[in-house]
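Enquirer: Sequence:
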Amino acid sequence: MFERVFTRIANKVAYAAGLPLTFLGCCLIVLAWAVSGPVFGFSDTWQLVINTGTTIITFLMVFLIQNTQNRDGVAIQAKLDELIRVGKAQNHFIGIEHLTETEVEDIRRKCEEAAKKHDAKAKA
56 MFERVFTRIA
66 NKVAYAAGLP
76 LTFLGCCLIV
86 LAWAVSGPVF
96 GFSDTWQLVI
106 NTGTTIITFL
116 MVFLIQNTQN
126 RDGVAIQAKL
136 DELIRVGKAQ
146 NHFIGIEHLT
156 ETEVEDIRRK
166 CEEAAKKHDA
176 KAKA
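Residues are numbered in our numbering as their position in the sequence shown, beginning at 1, plus a constant of 55.
Just so you know, the hints here were simulated from the structure itself, not pulled from any lab data.
Each statement offered as a hint is correct.
Computed list of lysine to aspartate or glutamate pairs in DMTMM-like fashion (alpha-carbon distance at most 25 angstroms, straight line):
id, residue 1, residue 2
1, Lys134, Glu58
2, Lys67, Glu158
3, Lys171, Glu156
4, Lys134, Asp174
5, Lys172, Asp161
6, Lys178, Glu167
7, Lys67, Asp127
8, Lys134, Glu158
9, Lys172, Glu158
10, Lys67, Glu160
11, Lys172, Glu160
12, Lys171, Glu160
13, Lys178, Asp136
14, Lys165, Asp127
15, Lys165, Glu58
16, Lys165, Asp136
17, Lys165, Glu152
18, Lys134, Glu156
Listed next, with one range per pair, are the computed distances between beta-carbon atoms:
id, residue 1, residue 2, range
19, Thr157, Pro75, 32 to 38 angstroms
20, Gly108, Gln145, 42 to 48 angstroms
21, Ile64, Ile139, 28 to 34 angstroms
Using N, Cα and C, we set each Cβ at its ideal position, and we do this for glycine too.
All chains should be modelled from the sequences, with the hints used to inform the complete structure.
Expert: Structure follows, in structure tokens:
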């Protein structure tokens, strides 16, 4: 359950992070922070606000984006394995990048097992 919820959140956050509107919003936040500098006398607290905010966001985004890339990579590999294994790929492989890491790994493992069985039959 947790893995499915995390996967859904990671997909949505990674998608939103790549939107031009998100970039514009971040630029506006930095601009507002910079403009507020004279109001707060460019104090240490003023600097700490942007440093802390960007550090926390960067820290969390690294893990969310890495999770998304890991699942995409495993899903692509499973799809390629399926294309290699059979002449006609099965449609249930379409969209597996939206599954959890565990579910994609199960599909990849089944592909490997099917390939080994096929090789054993071919050698016999």
